[in-house]
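K.L.:
Could you build the full structure based on these sequences and the hints that come with them?
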Amino acid sequence: MSLEVSDLDVHYGRTRALRRVSLSVAPGQTLGVIGETGSGKSTLARAVVGLVRPSAGRITVDGEEVTRYRARQWRALRRRGVVQYVFQDPLRSLDPDVTVEDSIVEPLLIQGRPRREAADRARRLAARVHLDEELLSRLPGELSGGQRQRVTVARALVTDPRVVILDEPVSALDAANRVRALELLKQLRDAGTALVFISHDLGSVAGVADRIAVLYQGGIVEEGPARTVVNAPRHPYARLLVGSAPTLRSAAADRAQREELRELLQNIGGPA
Amino acid sequence: MIRRVLRLTTGRIAFGILAAIAFLAAFGPLLAPYDPLEGTTDILANPSGAHPLGTDYLGRDVLSRLLDGSRVSVLGAVQVALLALVVGVVPGILSVYFGRAFEWVTLRLADTLIALPFLVFAVAVTALLGNGIPQAMFVVGVMVSPLFYRVARAATLSVARSQYVEAAIVAGASVGWVVRRHVWVKVLPPIAVALANTTGVGFVVVSSLTFLGIGVQPPAPTWGGVLAADLGYLSFQPWAPLVPTALIMATVWACNLLADAIRDVTGEAGRALLNTRKLDPGKVTNGSPVAP
Amino acid sequence: MALLSLRDVRIHDGVGGRDLVHGVSFELSPGKVVGIVGESGSGKTLTCRAVLGILPEHFRVSGGGIELDGRDVATLTRKEWTALRGGTVGAVFQDPASYLNPSLRVGPQIAEVVRVKKGLGRRDARRRAVELLGAVRLRDPERVYQRYPHELSGGMLQRVLIAAAIAADPRVLIADEATTALDVTVQAEILDLLADLRERTGLALVVVSHDLAVVAQLCDEVLVLRAGETVEQGPVERILYEPRHEYTRLLIDQHERYGLDRFRELDHVA
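Residue numbers (our numbering), protein chains in the order written: chain A, 1 to 272; chain B, 1001 to 1292; chain C, 2001 to 2270.
These are computed hints drawn from the structure, not numbers from a lab. In this text, a Cβ means the ideal position worked out from N, Cα and C, and glycines have one as well. It is possible that part of the hints are untrue.
Stated by the list, open to error - Computed Cβ-Cβ distance ranges for the label pairs, DEER-style:
no.	chain 1	residue 1	chain 2	residue 2	range
1	C	Gly2234	A	Ala176	20 to 26 Å
2	C	His2150	A	Ser171	20 to 26 Å
3	A	Arg14	B	Arg1012	45 to 51 Å
4	C	Gly2234	A	Ser171	24 to 30 Å
5	B	Arg1161	C	Gly2234	46 to 52 Å
6	A	Gln266	C	Lys2118	32 to 38 Å
7	C	Asp2196	A	Thr60	47 to 53 Å
8	A	Arg80	C	Arg2249	55 to 61 Å
9	C	Asp2069	B	Arg1161	48 to 54 Å
10	C	Glu2142	B	Val1201	54 to 60 Å
11	A	Tyr12	C	Asp2069	26 to 32 Å
12	A	Ala176	B	Ala1154	37 to 43 Å
13	A	Arg58	B	Arg1004	45 to 51 Å
P.N.:
This is the structure:
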């Protein structure tokens, strides 16, 4: 397994943000994690890359148990470039004063690789994510939203990671850029990278995910192959989620069904 | 960065003025036509061929006094700025990264310094370390360092929580890397502005210390000292304070221009942090200087 | 008779010196829903603003005509506009929080709309505001009335804004990306509410979104806008099953190949 999380708990003060979350992703597999505001999806992503400290449970990245890692050990692991994280907002996750090229190769420079090699790599990655080479010398502010997003993906790929966590990678994109970004993610997956695709929108994950996990109030309430989760969800929240996702032709649920599910959820409350 | 600053008209003007002032500081004492300490009977004389800026209440040549005092004044201001930079900015940045204890101690120290009455501190230091220019400048530098500490800390805090710093950390960056690559550029513009203001304050404070007999002793000239002396004889020579004032203002203005230019070339992020001092952006980018 | 009709509306940007919307036409009858799909910069928001008479400075309608309830809006005085907005046409936008005063409780803000638009007294206005909060399906409207904007979630705020928008019983409601910033389940709640209002009160809707699927769920007629140009227009069924323009096909593809419709399609075949 490229990434394995078991019984993960995260607390912020006395609030329990994640409760007994377990999931795993194999090489070449894509896991979609669906969660809405306050579901704990960002906390999960941050815990996996070591930005948040879990209060219980285990996290294994590429065979290495990292749960109790200290700062120094995390740094060593990160410098190997095994796991990368694509932040939700491409504009805010790029330093406005650093050129596109320097942003992309920053992980390599941190590793201490020579500049020339890094510049070379930047050009190849730009081609891979369909970014014009002349944009490399620009600042992030001079790029469009879609271009910036490709820059952050390129930065995540620069170290040939085994696991890439993507936080809402297509939410901010328009139709054309969205299709392009999803194609790129498919290529990545086919090249053997394990992807964790985090989103509030089931519709944007369904197309690329092999498996889908639904996060609700800090716990996973549904997990399974994408097709099963979409076509036959069991938990009321998962059913509401599927029934609420806008579709073109055949809505999964009508208004009355959704209303029923909302009532039901009100009554049962969150996961234990 | 210097090259980028020099591409702006404001940057060039600022550098020009500062270069002239540096020249004065270096060679001013040699250029003085008279002994700046030697009094004559020709007191409070109006400007003439012999004394282009007239003489003061002891008959000393004002031009000579200003030229001779330029080195002490400028070096004093630079010393204040550098001290404040080291004592204020470095802990300010590190307070965000060096853990809770360091943060707590430096924050309390900054608060203490702000609460401390300036004169009491000045007299105490003089009593402890003796009277002299370096001691006086030390006092001023330490007293203004909380300002730098706070400005640097605020700028660093806002950068430290940004996603691009987190992205660097996830890529394995150390604190040193983050500070060098991401924090420093954002901290610089607000610091530059604070520095420009401090330089101005430095001149004035030196003169007020002189008045109290701390630091520069009365016969030795400084710009601030000459200004203070001139102010006493306004009824005889109402124009006299204009010259030292112009020197001080030119320096402060040049520092401010330079700060603006630095802010302008360090991009959007630098500009956003500068909400303490918002100038009309058109004024700076057009490069049309404003009269001092 | 059409409640709202746009005839070849063009919108000119006085600063940029060019037209940003090149001819948008549609008619809206009571109880019907027209959808406008397009990305940012497609001119969909400008079109809505033109209908509401709130075009930003330097922008003006340079061609065609807009008729609201049988009246050409170009001839309206400021006073007539004020009466029309709220009374005949209401609107909700993307970021509900920015349309409410953060330092006032939400209830009185709605009550004020009722007092101004309907001329009700203080007590009646309050009662009506609570009624409206109930009408937008907020649980416990009396309690919501007393809340400040920051105490409510995005979905609740959007309901409050809808309540304010329908306070003066308009006949047309414009929802410009009204569900974009919301979670999917909350988005569905708001869309369900709009459908519900339409059924109960005969409210006509203009639903604007970047997502064809959002529009498809609610609308009778769809306009696909791109760079100020109507690239495709027609009944929703026709647009979905026989798209003529390549851009419309891209919008559909996004759902069929990458979205939930991917699974549905295959299952229908199987």
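K.L.:
Which of the numbered hints above does this structure break?
P.N.:
Of the numbered hints, 3, 8, 11 do not hold.
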